[in-house]
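Peer 1: Please build the complete structure, drawing on both the sequences and the hints.
If you read the protein sequences in the order shown, they are chains A and B.
Heads up: the first sequence is residues -9 to 465, going by our numbering.
Heads up: the second sequence is residues -9 to 465, going by our numbering.
Treat the hints with care, since some could be wrong.
Copies of one chain are not kept apart here, so a pair can be met inside one copy or by any two copies together.
Claimed, not checked - Simulated crosslink set (DSSO-like; lysine-lysine; CA at most 30 Å straight-line):
#1 Lys181 <-> Lys228
#2 Lys63 <-> Lys13
#3 Lys100 <-> Lys406
#4 Lys348 <-> Lys120
#5 Lys13 <-> Lys30
#6 Lys227 <-> Lys434
#7 Lys26 <-> Lys411
#8 Lys181 <-> Lys198
#9 Lys10 <-> Lys348
#10 Lys227 <-> Lys69
#11 Lys228 <-> Lys69
The set of hints was computed from the structure by calculation and includes no laboratory data.
Protein chains: 2
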Amino acid sequence: MLTYPMNSVKGTSMYDHLYKCIKEDILSGKLESGEKLPSKRTFAKNLGVSVITVENAYSLLASEGYIYSEEKKGYYVAKLDKWIGPEKNTPVPEEKKDIFENNGQINKYKVDLINNIVNYERFPFSTWSKLTRQVLSEQDEGLLRAAPSGGIAQLRESISEYLYNYRGLTVSSDRIVIGSGTEYLYGILVKLTGRDRIYAVEDPGYYKVSRILEDNDVRCVHIAIDEYGMRVDELDKKNADIIHLTPSHHFPTGIVMPIQRRLELLDWAYESEDRYIIEDEYDCEFRYLGKPVQTLSDIDRRGHVIYINTFSKTLAPSFRISYMVLPDRLMERYVDTMSYMSCTVPNLDQYVLAKFIKEGYYERHINRMRVIYRGIRNRFVTAVRNNSTYGKYINIMEENAGLHFLIKVQTLLEDKELIKKAESVGLGIRCLSDYAYDKASVSKHIIIINYSGIREDNIDEAVGLLGEIIEKFHS
Amino acid sequence: MLTYPMNSVKGTSMYDHLYKCIKEDILSGKLESGEKLPSKRTFAKNLGVSVITVENAYSLLASEGYIYSEEKKGYYVAKLDKWIGPEKNTPVPEEKKDIFENNGQINKYKVDLINNIVNYERFPFSTWSKLTRQVLSEQDEGLLRAAPSGGIAQLRESISEYLYNYRGLTVSSDRIVIGSGTEYLYGILVKLTGRDRIYAVEDPGYYKVSRILEDNDVRCVHIAIDEYGMRVDELDKKNADIIHLTPSHHFPTGIVMPIQRRLELLDWAYESEDRYIIEDEYDCEFRYLGKPVQTLSDIDRRGHVIYINTFSKTLAPSFRISYMVLPDRLMERYVDTMSYMSCTVPNLDQYVLAKFIKEGYYERHINRMRVIYRGIRNRFVTAVRNNSTYGKYINIMEENAGLHFLIKVQTLLEDKELIKKAESVGLGIRCLSDYAYDKASVSKHIIIINYSGIREDNIDEAVGLLGEIIEKFHS
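Peer 2: See the structure below:
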């Protein structure tokens, strides 16, 4: 008769041990399909365990289909003819190169002038920690419940107040949708406006936008910009329905779109009920002179502008909190068709951020960062411009806004080579042509300097590394 | 000559005030397009301010396109003929009914047996707070940098170890992708496998799955289940390519798919390179007897199973952290085509959760919750079954798993009426038919009891409310 050593097994895991022994024998073929198993009572007696133990093991095997019971007869081994037998589990592999390693942008460059980086000494960790503790200790019921689809009310209200006070935008919190990052929100917009629409993006522009849109299976057309921003005449030629714009600080050229072009684009949108402008204010908080330009969203009175912004630049990209302000029509559609989905940002983060804004920390943080960034920018620009060895080969094209500016370089190198040479000395840069769809349309030798990751203590290093490529290869 | 009162304005906001005054006059038409503005020096003298103040105001107006400069001549008001003039900003509206209010599922029912609810006394707030403080005080660089697309390495490794120890799954952390909620991950899967594929979902089943898939513009077919789970013969008839399954605890019937059906479904998937099974283990942690069933992912040796799980059930739905384990082929495709996107879960939450798992808190929390849920379930089932007034009109259909079970009720009411009557007494319930696409295929009068939101102190209330509808309308 079937038997297993049970004496070394203790306590509640007894039935589990028995379950495993029997299962093993079924899988190995030792117990054949159709074979009758011993009755619970006899088996228990034989093994020296309680009937309950056998009962539990049998019922577990039965629930998984390894055995079946016939009324008043007992348990039988199930038919598992197709079973190929599990291979031995291989142990979890040893530490090895992480597939995503280079994706975290860590330590790739000595000086990184490509990515948006927030140095940790600039982040208000202790405030964030304090607010998190407060939120957790208040143990609000809402902290654990699935959040409303658009985000928790407190955060939407905080954002509404912030937009009113600092952007002059009058936006009811009812029109705000919070999501985990701008990339995610673009996906929502595609679902809201329809996958059959044609999206127009700026050329040059932030390449990720068109990539994300295309990954959402919509068609993108690239519209040239002139000195005022996106060219209106190109829109109809390319049958655009929806425009993505960075009017307050065009990426990467830095153009601030003048009021006239804003009005022209709005007029274009007003020509059809279904045309929309996505106004992306990804870095409007970093304007060094005066209040930011009046937004398209504020000028628009007919509900054709979708305002979108992020906390990635002001807090850190790792926070994954963005928001958009939808026109009434789109908001209705959102509530009707998509509010069954949960908000993607964890409630805890939403509560903490709401407090951070409401209690004035956010404003203070931005003001502080603005001073820091302006200081770095000014020192960096001055050091490059006045550099005795290579200052004469460059021309700095700067606006009073954003976290990047452009340098026109006199060089013999093609842009691709320039980047490669820079990389070889540990300097990460991109050129204007990297952000252009129609490469021929943009000037060569224009470097984008994203200085968010430069610290006071490595300005000199950055200036030096730039020099290594400019001086050596100047024309 | 143009003049504005400047004496009441102080400090750095002087130029901003001047900027606003001039802008207002341009917008109102008081300053006409083409009109020449006073020279900086004269204007400054006249206003009693510094030249810098006028200069800043002019340059701001120029950067926004309200005025333009002509070399050696001065500044002129721009042409803004199309400008319709901004309406007066209406103040932020008074507090009103929030558009998402009913979306947060708060206070709708006295007893809610529909939604997955975690009561706050069950959440380890102080541990979470402690770990958050630790993570923030360590100020790791990685906390602020954009995370790798699949999630931070520490969390992927913690999940890998967890899956090995508690689900017997051998999964390298390289195959794990973390995202903000299962709903989000479905969207990723659609992009990975192609929008032209046909998805098969269980009928009855978790209705949100097909809704999310359809919102991602893929075709869904509904496959009937029998007593063992999804019927294999239906799959080819409906040209399915990809299956969504809940084999360890079918929602809502609770069926645990026996090994044989698992093998049959795997065989089906093996017939074509591009067929996949999404194994959704949404509540596998709550199994009350023995270890969970061997997963399809573990049986599969050819890379046709995508494993997906969430922390929504074990922590709280508001945490929005889910993960999936991709077969190598899909992981390669993910890295090639989608790793440019940031992980949607905030890094802070990822670090804290990684610590929570690694330091054993997660296991302890699940064990604790399992005991709590089992206690509630047993007390609730016993109280309902033995209820002297309505116990005889019901039949409890329970499995040893998950956070819900079914009750077959003898009643004269149609399911819709039953739900309505329950709602009128403050009881939230759903019937099996609510989760069926083909309503005719499922039995009537089967109530799903999701007891996650019941507390020790309101079991009696829940039993009583159930009684109010069962007793009154029994057949």
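Peer 1: Evaluate each hint against the coordinates.
Peer 2: Tested hints:
1. Taking identical chains as interchangeable, the C-alpha atoms of Lys181 and Lys228 lie at most 30 Å apart whether they share a chain (22 Å) or sit on different chains (26 Å).
2. In this homomeric assembly, Lys63 and Lys13 come within 30 Å of each other (Cα to Cα) only inside a single copy, at 20 Å, whereas the closest approach across copies is 93 Å.
3. Within a single copy, Lys100 and Lys406 get their C-alpha atoms as close as 19 Å, which meets the 30 Å cut-off; across copies the closest is 66 Å, which misses it.
4. Both within a single protomer and between protomers do Lys348 and Lys120 lie at most 30 Å apart by alpha-carbon distance, with minima of 15 Å and 24 Å respectively.
5. Within a single copy, Lys13 and Lys30 get their C-alpha atoms as close as 16 Å, which meets the 30 Å cut-off; across copies the closest is 91 Å, which misses it.
6. In this homomeric assembly, Lys227 and Lys434 come within 30 Å of each other (Cα to Cα) only inside a single copy, at 27 Å, whereas the closest approach across copies is 58 Å.
7. Taking the closest pair of Cα atoms, Lys26 and Lys411 never come within 30 Å of each other, the shortest separation being 75 Å inside a single copy and 49 Å across copies.
8. For the identical chains of this complex, Lys181 and Lys198 are neighbours both inside a copy (18 Å) and across copies (16 Å), given an alpha-carbon limit of 30 Å.
9. In this assembly of identical chains, the alpha carbons of Lys10 and Lys348 lie at most 30 Å apart only when taken from different copies (27 Å versus 57 Å within one copy).
10. With identical chains, the CA atoms of Lys227 and Lys69 are at most 30 Å apart between copies only, with a shortest distance of 26 Å across copies and 67 Å within one.
11. Taking CA atoms no more than 30 Å apart as the test, Lys228 paired with Lys69 passes between copies only; the shortest distance there is 28 Å, against 63 Å inside one copy.
The earlier numbered hint that this structure contradicts is number 7, and it is the only one.
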